[in-house]
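All chains, full assembly: derive it from the sequences and hints.
Protein chains: 2
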Amino acid sequence: MDKIIRVNLTAGTITSEPVAEKYRQLGGRALTSQILLDEVDPGCEPLGKRNKLVFAPGLLGGSFLSSSSRISAGGKSPLTGGIKEANAGGTAAAALSKLGIKALIIEGESEKGYNQYLYIDKEKIELRPAEMAGLGVYRAAKLLYERYGDKISQILIGPGGERGYSAAGITNTDAQGRPSRFMGRGGLGAVMGVKGLKAIVLDPTGAEAINYHDRKAFQELNKELVKLLKDNPATGEAYPKYGTAAMATRTNAINALPTRNFSAGSFECANRIDGEYLYHLITTRGGAGETTHACMPGCVIKCSNIYAASDGKEVVAPLEYETIGLMGSNLGIGNLDAIARLNYICNDLGLDTIEMGATIGVAMDQGLIPFGDAEAAADLLAEVAEDTILGKVLGHGALITGRVLGSRRIPVAKGQAMPAYDPRGVKGLGVTYATSPMGADHTAGNTIRAEVDHTDPKPQPALSKKAQPMSMIADSMGLCLFVMPALGAHLDKLARIYELYSGIKVSGEELLKAAENALNVERDFNRRAGLSPAQDRLPEFMTDEPLPVSGSVFDVPLEELRKINEE
Amino acid sequence: MDKIIRVNLTAGTITSEPVAEKYRQLGGRALTSQILLDEVDPGCEPLGKRNKLVFAPGLLGGSFLSSSSRISAGGKSPLTGGIKEANAGGTAAAALSKLGIKALIIEGESEKGYNQYLYIDKEKIELRPAEMAGLGVYRAAKLLYERYGDKISQILIGPGGERGYSAAGITNTDAQGRPSRFMGRGGLGAVMGVKGLKAIVLDPTGAEAINYHDRKAFQELNKELVKLLKDNPATGEAYPKYGTAAMATRTNAINALPTRNFSAGSFECANRIDGEYLYHLITTRGGAGETTHACMPGCVIKCSNIYAASDGKEVVAPLEYETIGLMGSNLGIGNLDAIARLNYICNDLGLDTIEMGATIGVAMDQGLIPFGDAEAAADLLAEVAEDTILGKVLGHGALITGRVLGSRRIPVAKGQAMPAYDPRGVKGLGVTYATSPMGADHTAGNTIRAEVDHTDPKPQPALSKKAQPMSMIADSMGLCLFVMPALGAHLDKLARIYELYSGIKVSGEELLKAAENALNVERDFNRRAGLSPAQDRLPEFMTDEPLPVSGSVFDVPLEELRKINEE
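Quick note, the sequences are listed as chains E and X, same order. Taking my numbering, the leading residue of the first sequence gets 1, the next gets one more, and so forth. Taking my numbering, the leading residue of the second sequence gets 1, the next gets one more, and so forth.
What you were told as hints is all true, and nothing was included just to trick you.
All copies of an identical chain are treated as equivalent in the list; a pair is satisfied when it fits inside any one copy or across any two copies.
The calculated lysine to aspartate or glutamate pairs, modelled on EDC-like cross-linking and capped at a C-alpha distance of 16 Å, are: (1) K49 with E545; (2) K49 with E540; (3) K142 with E131.
In case anyone wonders, no lab produced these hints; they're calculated from the structure.
This is the structure we're talking about:
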């Protein structure tokens, strides 16, 4: 990973640059955020030509350490108005790493309406006209596989991104070619779309840029880390079997499962959408379904799944907890087949299921369609597909939809929809939603595993403040967050394996310090973008409306929230 | 003006409070802003129950000094997310003053869907059920006049405000009972609407709270001030004859007349919408039309007008420059009859013509309807009237409409539409749009009268910085801004006439200092609301796209803009 590729779509130029010294020890989110701070006017319009989109594998990208090849995308978010990074599993990070690309910077914008895709192999990097512009991600991906064979990896957007919808994400392909590993949050798909870039094709065939500093020692330490993962009850047992959907049982029990636009924290049909029922359905149906599937090659956790219909045919893969929470209970839909179908539709449009679930929830709450009506929800997504006025509104996410429909119950923080943890039930996540530079994002500092009363406001600020840099470590190394319960207590081992991979010696303490620095880079960007501590808060309905059953409101004091970002 | 009336709509309580010492020398905008800072959490949701709406006459309210009875409304704006004051002529300020009311604070909110109006006379203040809820302002006003006679003054909102549309203003009645004197900007009509308050009826009959400290001396000085107004070419001649529409000739000549969504600064049909043509039409048509009409009783400038159709029947009154610019040239419409009709429709819906003109301009620019098509523009307003999804989008103003339609050319600053001065043609106003606590608002610091090259970026920050407190002085005394060209150089006389009215001795210098203080109050509110100097800028298309003819872009450097609000 010795070069940075810069693609200027205005000029149509592609340049390869050596990695500057200051970027050498940065990867993934820390790198995308630092490049954005260095190169982008934080006050720029997110969907204007001054914004940039940066892709980067993590520091361990391409290595065979389990769960270490997540890809980060970074840009100024049209939802939050601040800096955003979104990451995903899939195959693109490893492909970039093999091609020796530490970061890919997309800047400028193509002429209006002119769509291109970027082709990269070991010998050339070219912009090519995108005949697949306008197509859903599944068909577009299929066309590119037909053209370039199944060894390629793809990064691509759907019609939502092409149209600049703020709810649009960027997806990349898994090992079997499914274009469904989403860098979903922040509307970065729109940033890619308005630049006129439909896809990036990565063909790493014959590219061997990866040189382990000490492959043998890496292998040894890898064994030890894999054992830690296997021995951990979450990563060794629950995740492989039930996937992320296992969380539904947990959040439902503690009154934190978003239900009917966050009007309740428990759902009467929770046992029809939880991990056990999902496992039951997949295993009894057989066919294409799989309960234990790796989102990245080599992952030993394999929390992902393939969801098949009753006829055994694949509907969507994966079906994750966040989608189940936002497009299931949050819409009053207690049917996994229906949720899977909505998930597929969103994927094909290239839209984030969290943002769209929250959006449809707001629309239901305002009476546009009834709660629980999955057909009507699919009809709303058809409006989005058809780009009607209503579809455009919905495609811009929960805040715009709520504003237009006159909602006073819009579950967003800094303009971005809340993931599937009601912050009145898991107040530590509420602190993260309110204070993270990422806006409402459960991956930016999740406190759910802490052994505390999650409705007690007191311990939450400290928990979130501790969780946020841990997320940054994972996001910067390219690690899945799910390794952190097992490996988070062993930062020195993570540092060591990075050294064995790269030859760069760091300590666990230095990793943590670098993560704090990277958070400060993001805070700095946001401050310059005009976000201020005054925006570190949650919507009034979350502080005013007690959840049924628990009676909990979000009551972490504002002054505690503000302290999180004080330096 | 010895009391403050507080109406709590949640509790249904009405209380009368003595005026606190700190409010004694504040009036109009300075008073509404100070009360908001003192009582409202700046981080609150503008359309939530924590926001308040404050009405206040100026310090000279109710006096017979010409042009001195404008009424201010203040609240946190759903457009800018910051503090907002909007003011208007009409009769409400004098009525409040006669009733001895220095400020009227509306807080809390009625139960959902329950609309009330407030009735005030010299003996009682009551909330009454508003059977006229849902009606346009013209019919609603008529009903209230039928019930209470023609001596009352009304403050009211239209369906737009009731529905919480961000483009909604608050209107009040003129001396002839027209409900068309709008406190238009900032979406304060929505703040009133979501509280469930349709109208305020003021019956000052028999109320004589006004006691001149020295009426005789006031009369003497008034004569002198009136002479200054009469001798000034603007207030003595141009305004009475041509009204504000005179400005169209000026801005068209200097390439600053918004044309086709701010894509040009000059309009080929400018001579069909300017002051001379308006004068010509009104005078040749006769009938109900008037070229010289007072928006407040006793005003000697009489810049207002009554616009009649070719059959002599009144269409709308007044037809002002801002409406002509935004709903005329900005839409490519060169026909005053068409503009007057659109104006009437907006008035009846209770919507700000500046915001709606900019909104329709964005919609035209995005191809929703063609430029120049007044029928299609009326059809869009019919969508708003019918509360369709498209209508809701449009009703929320230019920014939401532009976001939904994917526009990159949204003429707003801090979320609020720009008035009829293209900031590339009058860069001092661009500085005001970018830096005023009020967002894009020409009344917050107009530099058009300065004798400079308005496209030279250098002198503009200083001009705006000087103009902003002058606006505050006028807005706080209840004075029309149009007196300032004549009286702005005589602050000591304004201070003196205030002393003769109130008995409170201040100097001109103290007036200026108080205005600076009031601006700081607003800046403080905005800072706490989360607005930061990073937002003190104009849209990228204004800095990127040169205006045809002049080739001018908005090029006042960002660092100069930021200096404006530094203390």
